[in-house]
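Spelled out, the chains give:
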Amino acid sequence: MIPKELVKGSLKSIVLKLLAENNRMYGYEITKEVERLSEGKIKLTYGALYPILHKLEKEGVVVTESKVVNNRNRIYYKLTEKGNTTAKERIKELEEFVQTIKILLNPQTGFESCVC
Amino acid sequence: MCLLSTEQIAIVTKDVKNEGINFSHLQLDLIDHVCCDIELHMDHGISFNESYEIVKKEFGIKGLRQIQQNTLMLIDKNYRIMKKSMKIIGVLALALMAFGAMFKIMHWPMAGVMLLASFVFVAFVFFPALLYVMYKEVNRKKQVATYIIAFVGGIIFMTSVLFKVMHWPYAQLLFTPGLAILTFVLIPLIIIQRIGSLKMNKTVFLVGLISMMIILWGILFKMMHWPGAGVLLVAGGTLLVLAFVPLFYIIEVRKSESLRIDFLFGIIAISHFIIFSFLLSLTASSGILIDFNYQDNSFRARANYLHENNTSILEVNKPEIVTQFVNMADSIYNELEEIKLKVVRTHYEVSEEEAFLLNKKNSAIYNGDNLNRWLLSDYNANSPLIQLKDDIEKFCEVYEIIMVDSLGQESFINQLFSTEKRAVGINGDLKSWEDYYFKNRQPMVALNTLSFWQYNIRLAENKMLSAVVNNSKTIQR
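Each protein sequence line maps, in turn, to chains A and B. Per this note's numbering: the first sequence = residues 1 to 116. Per this note's numbering: the second sequence = residues 1001 to 1477.
Just so you know, not all the hints are guaranteed correct.
[As the list claims (entries may be wrong)] Derived DEER-like restraints, expressed as beta-carbon distance ranges:
| # | chain 1 | residue 1 | chain 2 | residue 2 | range |
| --- | --- | --- | --- | --- | --- |
| 1 | A | Lys58 | B | Met1102 | 45 to 53 Å |
| 2 | B | Ile1054 | A | Ile91 | 33 to 41 Å |
| 3 | A | Arg24 | B | Thr1006 | 19 to 27 Å |
| 4 | B | Ser1005 | A | Asn22 | 23 to 31 Å |
What the hints contain is simulated information worked out from the structure, not anything from laboratory work. Beta carbons: idealized from backbone N, C-alpha and C, even for Gly.
Pulled out of the complex, with its shape left as it was, chain B reads as follows (with noise of 0.2 Å):
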């Protein structure tokens, strides 16, 4: 009779530890019967990486890890009931969930408690159900910590999620610690100590894990707003599409032959998820889009019109007291519209001809947080906004020395234009006028504003223009 050598022997240890059996002394109870049946067939005259093949064939894939599933369901209770619980919940929480957000979506009532209930299940029943049953299934001490962690960061992280769908405070407060938590500490420590004992190929598991990394990475960067966002979330993008997946095709899903169901349906879930979330955000941000390049139409055609207006006046008489003050204007309008089709060329990176057209035709622009850098003069020593503030105080004081204002406190011209600080917020912070305008702003919003002044410009000139021509009570000699 054939005797497997020590050698051997630690080879089918080694495989069956892989498969993560520890329940009691179900390891060696399994290591002895597999090399008992390997000694059986060698008995047939077979080589020992045969007989190993053959019988793993006959236990198949996961075989092991089934028998140990089967064995703590017979044995304890509390798994059984986490297993069970944890399917029953889990279906239900993901169905409340997308009902939730449908509901949500189309702005029908009670998506608030279908939200909150499939929040309370996922993350009080089914979320710590999952860690038991995983516990229970890598038996291992060692790896509390990491149980520990992934719980407290995933329930502090579905909070955030919550408070923030809810519209609820303190949303981003949550939002941070929890994201940070995960992608960290757990992540790596995940990587640390599952690293030794991998069923898998290391590149594979290596390659999937950063590059999931580097995506959280980039998202909590996006959300806090600290530079560097977009590279990592590209990086990220980039490395899971062009590395992970392919190298997860032609080395893991080869192997294993037969073309898993998990499989499949992990291809499926992804594209959904990946279609919609894109999708959804899309409608979103299109709709604001929408109402943003209405009011700028308006206000481009407005001013238009008013610019029409004035010329006609000026054709008709030409009141020299007033020529000062419509040079000013107009200069005033072009640095505007300098403004404007500099925010349009350094989002598409186009020439000034191919911008000019872009803006004309008011191309909305969302998603660009370049705007800073060189609009702020907080960045840039040469921001168009310096000079773009001392001529539009100028243009009020000599609005103000022309004009007779009869509204009281505040006149027009400042209701119009004001260049002083304002108070933001709750705390009522002063912000500087640019700031309050064109600090992380989206350019879509700052094209807007500028918009908005070029019409204020042109209406501020009309009122002068007829104020000298209809009614010269109201101007000071």
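Chain A extracted, bound-state conformation (with noise of 0.2 Å):
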């Protein structure tokens, strides 16, 4: 399990990235999604999850749609045309910052090899 301050600052990112590949989605199928890829490391709570997403619909990123499913309404939201653009730009943000610290991290250059 990855701790949450980890996890804190990419979940916007992750959850762009998700609606990015797929079409659309629900909270609950993003929870599950982001579970079932991180093979359970990261398990996203819906009081991060929600004020996410309507922070995103909120600035026009996404836009949601209703449907009656199961014998109650399920909101779906999808990436609006900005939004892909947003996503891109901070899908490539993420990928930089992943890579950064993998460079911190590197024992030739950071500081694992004093440690050592």
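Two chains, two frames, a set of hints: combine them into the complex.
Spelled out as structure tokens, the structure:
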């Protein structure tokens, strides 16, 4: 399980990436998908997910559509055109971030060699 | 895969709604999510109820509402600013108010400025922000009226308290409508609106609000000197302590297993409030009591001294001319003593003997609003004051018949005793003698006046006697 603090900053980008790869998704589906892809290492609680989704909607990055499934309303989230660009930018940023962290942690250049 | 029935979905929907989730489509999001989670657990062969309990535990108490708050924080800039400023200003205003109150009690300078500043913060920043935040979190358009009423009533009430503390005029004028709005409109409105969609136990909620309402009514009645204030205060207080607190503990606190910190905080805050306000009122009134006691004692001592003096004069020579006068003086003195005894007796509800002892000990009584009923002739046809007034007037007449007064326009005896009507207040309304001295007076004040008159009686007697014995020129033949 990866600590919450580490995941926190990248959540938005992760959600955007998932939405970019799938046409439309609903909240529960997103949490399950994150759990599945990360092999249970990242658990997205809905306390973290919905504020982000609503914020994205407010910014015009995603739109919602409501559909009745299994006797209840299900809200689907979908990227807008503007959202597609935003998603690409965010994913790129995240990749850069991961690369940078990797360099920092690299035994040749990082501080791990000193510890050894 | 298990699917929830319509009824089961309805249960979840009701619970989510009761949490006050109403922002945009967040309610639908959460209902669907919770249902999906429940279905997942049910796939493992657990019943609906058990699955629901597991899911509830996962998001915890207040969990759903927290999600809404986080969402609002992220999206609504106003909400974010309001909530932050509310926290900062709230603490600041509280600190200022506490310091202001302390400075006020100690009569240090700047108390007024502090209280004023804290009031402005509370009334015009904290309070509106609080209402805005509450309004956003419980976004039911129907309840706008409640918030407006709370705002108006609250502001008026707080202004009146400030005016009262600062001794500015019209505090009373503001106080009554402010408190009336809060008690007669707001609390019933809250009860009506909330009773349907209540998460906590209905009985607890009702008992709490009603006892609070009764206490507020009691305060209002007390301040306006309307009858029945005591009954309301006692009833409200008893209801609160004997019904609400135990009920709240049994039903609400036990339900949520772990002791919540806000419950503890609430207990501490309430106990502090009670202790502080009681102690404050005690110190204030005990200070006044001591002053009155001191004055009363000195009147008694002087009256006794004069009486001894008079008796010794009478023993040496017995001027016949003053016999009637001396008898009148004694009888008025005794009448006054009787009234004093009755004041003590009605207050403590004790026998005559005990009252006699208490009166001797000079017990200063504060807070008894039943004096009017038996003392004033408006309420009691057999008021002792009727007889007293008559006697005093006769006493004055006799004095004036015997003595030649050299003081000019207002004679000595009229300075001591005048039963004329007198002007009171700015308007100069004329008040009758008995209303002037006794209407709505504390027993302590009445006792003090009576002692003062006893002293005056002895004084007049003494003046008369010394005149008769030493200086026969001042006596009319």
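Hints numbered earlier in the text: which of these fail when held up against the supplied structure? none
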